[in-house]
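J.: Protein chains in written order, with this note's numbering: chain A, 19 to 125; chain B, 4 to 388; chain C, 107 to 284.
A portion of the hints provided could be inaccurate.
Within a straight-line C-alpha distance of at most 30 Å, the following computed DSS-like cross-link-like pairs (lysine-lysine) qualify [what the hints assert, rightly or not]:
1. K110/A to K161/B
2. K366/B to K110/A
3. K19/B to K321/B
4. K81/B to K110/A
5. K68/B to K161/B
Pulled a few chain C residues facing chain A out of the computed Cβ check, cut under 7 Å [what the hints assert, rightly or not]:
6. F114
7. P134
8. I180
9. G195
Note that these hints are calculated values from the structure, not bench results. Glycine residues also receive a C-beta, built at the ideal position from the N, C-alpha and C atoms.
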Amino acid sequence: MNTEFITNIGLTHYLVLAALLFVIGMAGVLVRRNVIVLLMSIELMLNSVNLTFVAFSKYLGILDGHIMVFFVMTIAAAEAAVGLALAVSIFKRFNEVNIRFFEHLKG
Amino acid sequence: MGMGKDIFEITVNGLKLVVIFLMMVQMVPILVWLERRGSAFIQDRLGPNRVGPLGLMQLLADAVKFLTKENFVPDTAKPFLYYAAPVFALIPGAVAFSAIPMSSPIQVGTFEMFGSTWGPYTFLVQGYEIGVGIVFILGVSSLAAYTLLMAGWGSGNKYTLMGALRASAQTISYELALGLSIVGVIMLYGTFNLTEMTLAQQGPLSFTFLGNNVTASWLPNWGIFYQPLAAILFFSAAFAESNRLPFDLAEGESELVGGFHTEYGGFKFNMFFIGEYGHMMIASGLMVLFFFGGYTIPYVSVAELNEWAASVTSTAGKASALVALIHFLAFNVKFAFFMWVFIWVRWTLPRFRYDQLMDLGWKTMLPWALANTIITAFVIYIASL
Amino acid sequence: MTADAFLFWFLAFVTLASGLSVILMSNPIYSALCLAMTMVGISALFVTLNAFFIAGVQLIVYAGAVMVLFTMVIMLFDLKKDVQAFTKGKFTGAVKIASVGLLAGLVVGAIAMSVSLMGEKTTDNPVMVGTGMETTKALGNILFSKYIFGFEALGVLLLVIAVGAVALARSKGGTHEH
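Next comes chain A alone, as it looks inside the complex:
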């Protein structure tokens, strides 16, 4: 068996790991019905993208990827704040955070 893949960790490993995490997050968004879990799945996707940025940054030897990670983190924190505020007001209105209650928003 070729052990090169196991012992020699390179860019590919990080990219594949990030891709898998992204896909897990996406599956969460598609399959789960709790608003807060949806938000958390989005955070997971953003995190996997951050991992890609940092991996490329190390591979290419330039720091711009790190800056992008900063920006993504800030925007993710902002998104979480607004998302949670929305979730709180939805919970106040319907006493539930399942997205099937969003059907009430239809006119």
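Take the given structure of chain A and dock chains B and C to it, following the hints.
T.: Just chains B and C, lined up with the frame of chain A:
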């Protein structure tokens, strides 16, 4: 970051981690004794003085009592979280405490053992050195909020949940003030590395201002003389971070029974206790590192001490060990003083109200920390002109 | 197996396992705690990539603040087990999972194909090795020179978000008077 280049170095570094963890845990009974005796003297009582000399054996009795208590789980608890929380309470404290440099490194020359030559080695008197030390410590200790939430929610009790929500809201609010208050210190020393910060504070007070060298030989070169406001803000925020009086709203007895650890007894309670003392130790350690010269001795620079040690010992290894011992003692004296201040304040000041606590954190300490950052930036820029 | 390789596989296992738990746990509190675990794992992966400062920020911002906020909100709602945790129809659920799996296959395949096309780059750039302080200094330099407009824009965004979050949280819900 590696653990070492051969089996001896790896073993010593591994043992060091264990020793530092045990040191942290073993300090707790002594601090508890100090707290009980100290509170008694502050309140004009005697405190525990019957068991053993000065009541010192009381610690042993307490430990035995903690270990032999009934293992009780409430019916409504979530068992996994209920049991996991006390264990997690130890982790942030222990991991962050290991990153604090407590003395100068010890050099070990080459020597013969088991028929082969080993060395030379340099052993740091800290668990591990991390380039971005402060960021690491802040990051790890910010994870402590989960312990509170896990304990509070896992116990399945309204009071514990309220206590946990209060405590974690307090922790994340004061983290901002804590982080911002040391930005000025970081700018002053131009590094995140705790050892470099320590070494920047040796000798008498001297700095360059507008191209003139200013030296004040009657003062040590400590951070508190450059950043007094940051020191006050940092120390106050550290009280709130470790949930100690006057900020121990998490366990306000009058309204919340015991806060997030109401349902815990025996050894599990003890682990929360060790976690709380761990936070105090980190706060005291950082206070010493940032503002009181770390392990250096006031007025004496490290080079002078090295020279003196070399003149009284025969080998470089022994000299470095002697210097490390002196530095370790110096660090511990300062460290013990701040631990005492924690205890002293606890038995002196009354508790805040929750809205006062939030007002203080967000409306007073945060703006002052920001102002301190900006003023420091301007002063550093002007001084370097 | 070297220590680096072992560390990577261990962290990959931790992040993937806790990431999967986020979407598989039907109790949102456990989801949130698992996501916090994932964040810590990713922070450790950043350390293996020599991004020490980013790793610290990840711990402080994500694991220490954002996820604590999530957990606190969930605990305040005091949700029991989700009644309908997962998507309704079995068929649509299967289609969703299948499409996600397809995407995963495509992405991983694309990575595997394209990596061999990229030239061999060395990673011993002076900025990227060392104990973290050099990287952090270089990071600060480009953040406040090359990316200054992005930085300022983020400041404005955060202000807007702060105002918006307060406005949302204080409102009674709905656009009309009750």
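J.: The structure should be examined with respect to each hint, and the outcome stated for every one.
T.: Tested hints:
| no. | hint | verdict |
| --- | --- | --- |
| 1 | K110/A to K161/B | holds (20 Å) |
| 2 | K366/B to K110/A | holds (28 Å) |
| 3 | K19/B to K321/B | holds (19 Å) |
| 4 | K81/B to K110/A | holds (26 Å) |
| 5 | K68/B to K161/B | holds (28 Å) |
| 6 | F114 | holds (5 Å) |
| 7 | P134 | holds (6 Å) |
| 8 | I180 | holds (6 Å) |
| 9 | G195 | violated (11 Å) |
The structure fails hint 9 only (numbered hints given earlier).
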